[in-house]
Amino acid sequence: MTMARAVRVQSGLSGRVDWTYIAAVAGLIIAGSLAMLSAASTTSFYSSILQKHFIALTLGITLFTLTLAFNYQVFQDQSKFVYALAIVIVAATLILGKISRGQRSWIHLFGFSFQPAEMARTLVILALADFLDRRARKIGDLSTILVGLALCGPVMVLVLKQPDFSTTLTFVPAIFGMMFAAGADLFQLGAIFGFGGVAISVPLIYTICQVRYPLASATSLPGMILATSRMGWATLAAIGIFCAIGFLAWRVASWMRVQVKPAAFAAIPILLSAALLSGILVHRQLKGYQRNRFVSWIAPQSDVQGASYNVIQSQIALGSGGMWGKGLFSGTQSQLGFLPERHTDFVFANVGEEMGFWGTSLILGLYMVLLWRIVAAARQARDRYGYLVCAGLASTIAFQLVLNVGMCVGLMPVAGVPLPLVSYGGSSLLVTLWTLGIVANIYARRYALL
Amino acid sequence: MNRGGAVPQERLEILWYCIAAAGLVLGLRLAQMQLVQAAEWRLAAERNRSQMIHQNAPRGRIYDRNGVPVATNAPAFSLIFLPGKDRRRQDLKPLAEELARQLDRDPETLLESLEQAVREESAVRLAENLPTQTMFRLSELKTIYPGVDLIVEARRYYPFGRFASHLIGYMGKMGQKEWRERKPKGYRVDSRTGRLGLERIFEDELRGRDGGLRMEVDAQGRLKRVIDKIPFEAGSNVHLTIDSAVQRAADEGLRGTSTGRGGAVAIDPRNGDLLAMSSQPDFDPNAFLSTDPGEVQSTVVGLSEFNNAISGAYPPGSTFKPIVGLAALSEGRVKPDDSVFCPGHFELGGRTFLCWEHKGHKRVSWLMGLAQSCDVYFYTTGLKVGGAAIERFARDFGLGSLTKIPLKFEKGGHLFGPETRKKAGKSWYDGDTLNLAIGQGELTVTPLQMAIATGALANRGNVWRPRYIQKIVYADGRPDSVMNSELRQVVSAKKEAWDEVQHAMEVVVSSGTGGGARIPGLIVAGKTGTAQNPHGEDHAWFIVYAAKPGEPASIAIAVLVENGGHGGSTAAPVARKMILAHFGMEDPSAPRRPAAAAAPVPAPMPMPLPIPGRTR
Chain A
14 MTMARAVRVQ SGLSGRVDWT YIAAVAGLII AGSLAMLSAA STTSFYSSIL
64 QKHFIALTLG ITLFTLTLAF NYQVFQDQSK FVYALAIVIV AATLILGKIS
114 RGQRSWIHLF GFSFQPAEMA RTLVILALAD FLDRRARKIG DLSTILVGLA
164 LCGPVMVLVL KQPDFSTTLT FVPAIFGMMF AAGADLFQLG AIFGFGGVAI
214 SVPLIYTICQ VRYPLASATS LPGMILATSR MGWATLAAIG IFCAIGFLAW
264 RVASWMRVQV KPAAFAAIPI LLSAALLSGI LVHRQLKGYQ RNRFVSWIAP
314 QSDVQGASYN VIQSQIALGS GGMWGKGLFS GTQSQLGFLP ERHTDFVFAN
364 VGEEMGFWGT SLILGLYMVL LWRIVAAARQ ARDRYGYLVC AGLASTIAFQ
414 LVLNVGMCVG LMPVAGVPLP LVSYGGSSLL VTLWTLGIVA NIYARRYALL
Chain B
2 MNRGGAVPQE RLEILWYCIA AAGLVLGLRL AQMQLVQAAE WRLAAERNRS
52 QMIHQNAPRG RIYDRNGVPV ATNAPAFSLI FLPGKDRRRQ DLKPLAEELA
102 RQLDRDPETL LESLEQAVRE ESAVRLAENL PTQTMFRLSE LKTIYPGVDL
152 IVEARRYYPF GRFASHLIGY MGKMGQKEWR ERKPKGYRVD SRTGRLGLER
202 IFEDELRGRD GGLRMEVDAQ GRLKRVIDKI PFEAGSNVHL TIDSAVQRAA
252 DEGLRGTSTG RGGAVAIDPR NGDLLAMSSQ PDFDPNAFLS TDPGEVQSTV
302 VGLSEFNNAI SGAYPPGSTF KPIVGLAALS EGRVKPDDSV FCPGHFELGG
352 RTFLCWEHKG HKRVSWLMGL AQSCDVYFYT TGLKVGGAAI ERFARDFGLG
402 SLTKIPLKFE KGGHLFGPET RKKAGKSWYD GDTLNLAIGQ GELTVTPLQM
452 AIATGALANR GNVWRPRYIQ KIVYADGRPD SVMNSELRQV VSAKKEAWDE
502 VQHAMEVVVS SGTGGGARIP GLIVAGKTGT AQNPHGEDHA WFIVYAAKPG
552 EPASIAIAVL VENGGHGGST AAPVARKMIL AHFGMEDPSA PRRPAAAAAP
602 VPAPMPMPLP IPGRTR
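So the protein lines, in turn, are chains A and B. Okay, so the first sequence: first residue is 14 according to this note's numbering, each after it adds one. Okay, so the second sequence: first residue is 2 according to this note's numbering, each after it adds one.
Chain A with its partners taken away, still in its complex shape:
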């Protein structure tokens, strides 16, 4: 009797689990493992990579199953602990971490090395979901956005301190996505993220001007744009132009009898000027290698042997794969060592070379299925918390996909973001499987009964 009941509960859970979702995860793990193992086969520590990968895979699958087993709402109940854990692990990394490639992003524990930034991101998503859920009645207030950002801020700053710019960047779409999905005021959301976006693109525009037009005279447009970075009269003039734009917009709007508060037009020059000034500050703080990454994105042909070597070799690998690819273990770009980071950040290029369009579209398709199922989980979640967690995870996974694949195909700058489940990286695999386990959990418990 007890046996039969247990079986029914078991089948009850299995009946609620999203098998399409599980299949997409499994498919990505299998295709990713194949590509990664082929790409890594020429490295000198191949056996160690194999070993680590399969240990992480076993642990990850166990973790996925474990996460599926208990109710996800425990994360909301223990939200304070979740948030504290996020702060503790990134702070511990800064204190205890080992420096590798100029970054203090690894923590070594019991013979295992672990990269906590990605785990911190999931923890922040969980904590922010709880916060937004609590603020549901005041969701339209500006304070919701500001406090929410203040909540995420410390973790992001600590990750940026490592310094790991690209992982910090992946926090942004998650936060934006969650606030957007929670129903935050669009004007406020637009103003704040617009400010951030402009502030980030200002140094980008400066770098474009410096790289594309190194000999531009002071009177040409790039020369005048660069002049604003020197905080002088040119900067004031730019602010003046922003004021004029705001005034003109107001005049045009009132002429067209558009019903908008005048305050919105005052916001335009204020927002733009503030973003410009912050952008100039960021531009001055930018490190050389970060500038190089911009350069290799903007002008990949400018220095083939230097920073953009990776981008070009990756494109050659991907493009040369054609429809069917050159076959596993026989891509010349990866097996002869032309493709850099071929089992980690650029593993997708290796897929493209060895498995062709067939392989890349398979992985891209599996990813779209995965994201579709995460969005479906959000749609059907039993509570607002689950909805927000899924929306945040969908945003950040989609952003990583776009950044990584976009980098391999030359549409995005070299950001150093791995492709979840496909790129080699034990801790990343572990954390991703745990995170995906939460999504599976939310979906499986979509009915309030269980």
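In case anyone wonders, no lab produced these hints; they're calculated from the structure. In this text, all values refer to a predicted model and were calculated from it rather than measured experimentally. Be aware that a few hints might be false.
In silico DSBU-like cross-links for lysine-lysine, where the CA-CA straight-line distance does not exceed 35 Å [what the hints assert, rightly or not]:
| # | chain 1 | residue 1 | chain 2 | residue 2 |
| --- | --- | --- | --- | --- |
| 1 | B | K472 | B | K230 |
| 2 | B | K336 | B | K423 |
| 3 | B | K472 | B | K174 |
| 4 | B | K423 | B | K412 |
| 5 | A | K300 | B | K94 |
| 6 | B | K94 | A | K111 |
| 7 | B | K405 | B | K495 |
| 8 | B | K336 | B | K174 |
| 9 | B | K225 | A | K65 |
Chain B stretches covered by chain A per the calculated footprint, using a threshold of three residues with CB under 8 Å from any CB of chain A [as the list claims (entries may be wrong)]:
| # | region |
| --- | --- |
| 10 | 8-18 |
| 11 | 22-33 |
| 12 | 210-219 |
Label pairs and their in silico Cβ distance ranges [claimed, not checked]:
| # | chain 1 | residue 1 | chain 2 | residue 2 | range |
| --- | --- | --- | --- | --- | --- |
| 13 | A | F342 | B | R210 | 35 to 45 Å |
| 14 | A | F342 | B | D481 | 54 to 64 Å |
| 15 | A | D90 | B | I15 | 29 to 39 Å |
| 16 | B | Q10 | A | G203 | 51 to 61 Å |
Every residue, glycine too, gets a C-beta built ideally from N, C-alpha and C.
With the hints as your guide, set chain B onto chain A.
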């Protein structure tokens, strides 16, 4: 649950549409790269993985008329560098320093070559023609520094060194402009091309087609395996009419004269074959292929590309007198027995024209006039025959015009006479006739022209356009290309006149000024010349032809020694050596040395030099 009222599901849908749109963009980009542009990217991947090591085809050999190779190839080890794809500048520095130590070269220039290779993504030769012991040491470097490799290839080698340098030419690197022009023909930036003479003229024939190995390399430039082997095609061989023995005698003879500057040409009067062409100062073409840049540099700096034998125009002086004599005798204006009294000078219109022998030759007729080269005799004869006839005969002998030998920079010299003057609208004076009659004045000739004219004196009137190529044996099996001499023109003169002139030229050598070329057992006929030169010491001339008794003359020579002074003492011995070499004779006047002592070590012992009197 749902503490905050309804969830804004429409926001989630917008989010999902954004994600789907991003996925669509990525998918389209993948399709564009992998389906539409796949061929281009595949080409780029192929360029990445394979690298060509070019192997120079052995250049065609150049043989003399007896099949002795005068330009050939020697195997040489070259150190090459294949740049890897992800090589950074700072990696090159230790390699450059290590190589500089091994090769004893400047690390800066080596680094420059390495950087250029990386920049242009093409293999470079770092050093050529390496000695064996260096080679073994360098092959160890291969294992330490990826991209460094050794290959064997054929390198041009000139076994005689300084030998007919101006005729054969040398090999050198191309300038930027030349390379751009030659690139479509398969030349590479480090290809060497013929820079002068035959190497340049027959560049297309001699060159052959370079082969190569297509190797698979990894990102560090390490060789993985040979993908493809393209065999080279050797160049075509060129057979010259040059006789290496005569040529060597001419080169060494001229080099040994007092000034060491001049030109010498020998032809075969029977068929117009060029037997020797020497111009001094010359150079060693092997020096341009040296691995030591200092040696190449010093050779280039000291290089005289000026070929005296075809580009140097000098007054012929007394060597012109046989032609004047032939004109006078053939026109019947002078009988061989007509005698002239030479007091050492000649008066014409109040001006005094001196004979070289200021004491005078007393009474001279044709034979003694030529044998002693009496200027007064030729002044008189010249006035009798007239400038116009002399000019006509000189023109018939090919003077004053290009021989059109297929070599660059040939000069035609300058012939003057009444006809030339008339064309220029100027008048002709008897004083000009006197100058023309002794080969001075405005008359200038090249050693080649004089050799051809001497040949015409030997063969009684046949003026050849000389050939220097017997045949080209094509490597690709095409039938040999045989080149023939051309009879350019014929000097018509009476038989008695030829008899007299040839006899008198024999007397010049047997008992006259040309005694320096006397060889027992051969008929040697010549004429000395000491051409006055306004710029300095007189130029020494000697023209000569020689025959075995009872046979037609088989060699005609013109030797010029710049500022050499007396033709009989300076130029004639050079010609004599050439004649001896031509007939394969030992120099009977040289002391017999044991055959083993072939090394040119001059024994510093006093020996009687039976050089016949310092007369002309």
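Q. Taking each numbered hint in turn, which are not upheld by the structure, reported in ascending numerical order?
A. Per hint list: 8, 16 violated.
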